[in-house]
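Peer 1: Given next are the chains, with one letter for each unit.
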Amino acid sequence: MGRSVWKGPFVDAYVLKKAEKSRESGRNEVIKIWSRRSTILPQFVGLTFGVYNGKKHVTVNVSEDMIGQKFGEYSPTRTYYGHAADKKAKRK
Amino acid sequence: MASDDRVCVGAIAGAFGVRGEVRLKSFCADPEAIADYAPLWSEDGARSFDVTLTRAIANGLAARLSGVTTKEQADALKGARLFAGRDRLPALGDDEFYHADLIGMVVLDTGGTVLGKVQAVLNHGAGDLLEVNAPGLKDTVLLPFTRASVPTVDLATRRIIADPPEGLFDGLFDGG
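As they're listed, the protein sequences go chains A and B.
Mapping to my numbering: the first sequence position 44 is 588, numbers consecutive.
Mapping to my numbering: the second sequence position 89 is 109, numbers consecutive.
Just so you know, these hints were derived from the structure itself, not from any lab.
Please note that the accuracy of each hint is not assured.
[Stated by the list, open to error] Not everything, but these chain B residues come out facing chain A in the computed CB check (under 10 angstroms):
| id | residue |
| --- | --- |
| 1 | Glu63 |
| 2 | Val141 |
| 3 | Gly156 |
| 4 | Arg167 |
| 5 | Asp174 |
| 6 | Leu175 |
| 7 | Ala176 |
| 8 | Ile181 |
| 9 | Pro185 |
[Claimed, not checked] Some but not every residue of chain B turned toward chain A, in silico, with C-beta under 7 angstroms:
| id | residue |
| --- | --- |
| 10 | Cys28 |
| 11 | Cys48 |
| 12 | Pro51 |
| 13 | Glu52 |
| 14 | Leu97 |
| 15 | Phe117 |
| 16 | Tyr118 |
| 17 | His144 |
| 18 | Leu149 |
| 19 | Ala154 |
| 20 | Thr166 |
| 21 | Leu188 |
Predicted model only: the values in this text are computed from it and were never measured.
Where is the CB? At the ideal position from N, CA and C, for every residue including glycine.
Excised from the complex, chain A in its bound form (with noise of 0.2 angstroms):
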């Protein structure tokens, strides 16, 4: 069963200030969080997360299209490296 629409997105509380207060700065720097529950709000967007795995911070970058997922979603907690192969990484 899905969350309540009327408790609106979980967040926590020191997730909202560290950003908060990394965008007043205007500073281009790491927050880093250990809420991997707390979930992507729209004021998230341009910043940059450092979300843990259980071992380190993951970076992410917070994008328009992860509005409404939860951190945890984008720093897994196993990696599988494979090979390199023909894969392509973009700069965006």
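Knowing the structure of chain A, use the given hints to seat chain B on it.
Peer 2: Coordinates of chain B only, in the frame set by chain A:
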């Protein structure tokens, strides 16, 4: 062909059937694209194979390799890795790079200080990340592969100029 000019694109997992077909494991983004990169070379560069894919099978592809006509020959190749010439890979668009090219490049900051070496390229759904192995840090650092964080990628000199967000390389310059 020099080993630097080749990219590992697959491996032979053994024989498939009794008619000389092989069980092929493709490492390509699109597994069937491995046939487009033929001729494929053995690791030592001594043998080359043309590849004809016959069907998709569990955990891979069934394929015929030129010069392999019996099950015994196919079995003898079990475990062999297959390499494609770097020039066989398709041309890339603007701001696109092959992982194989990025891995091993030296990362410097805008002041020219060495930050580390690219160990892997990852994508967890929030854009590509360069995993940088910084010699002064315990763990690797994930650098976002964006124009803001990585303004310059010089393939010729194999160097990346990075302007990382604050706090990403914490501990690198303070002995921690």
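Peer 1: Output the indices of the hints that this structure fails to meet, ascending.
Peer 2: Result: hints 1, 3, 5, 6, 7, 8, 12, 13, 14 and 19 break, sorted rising.
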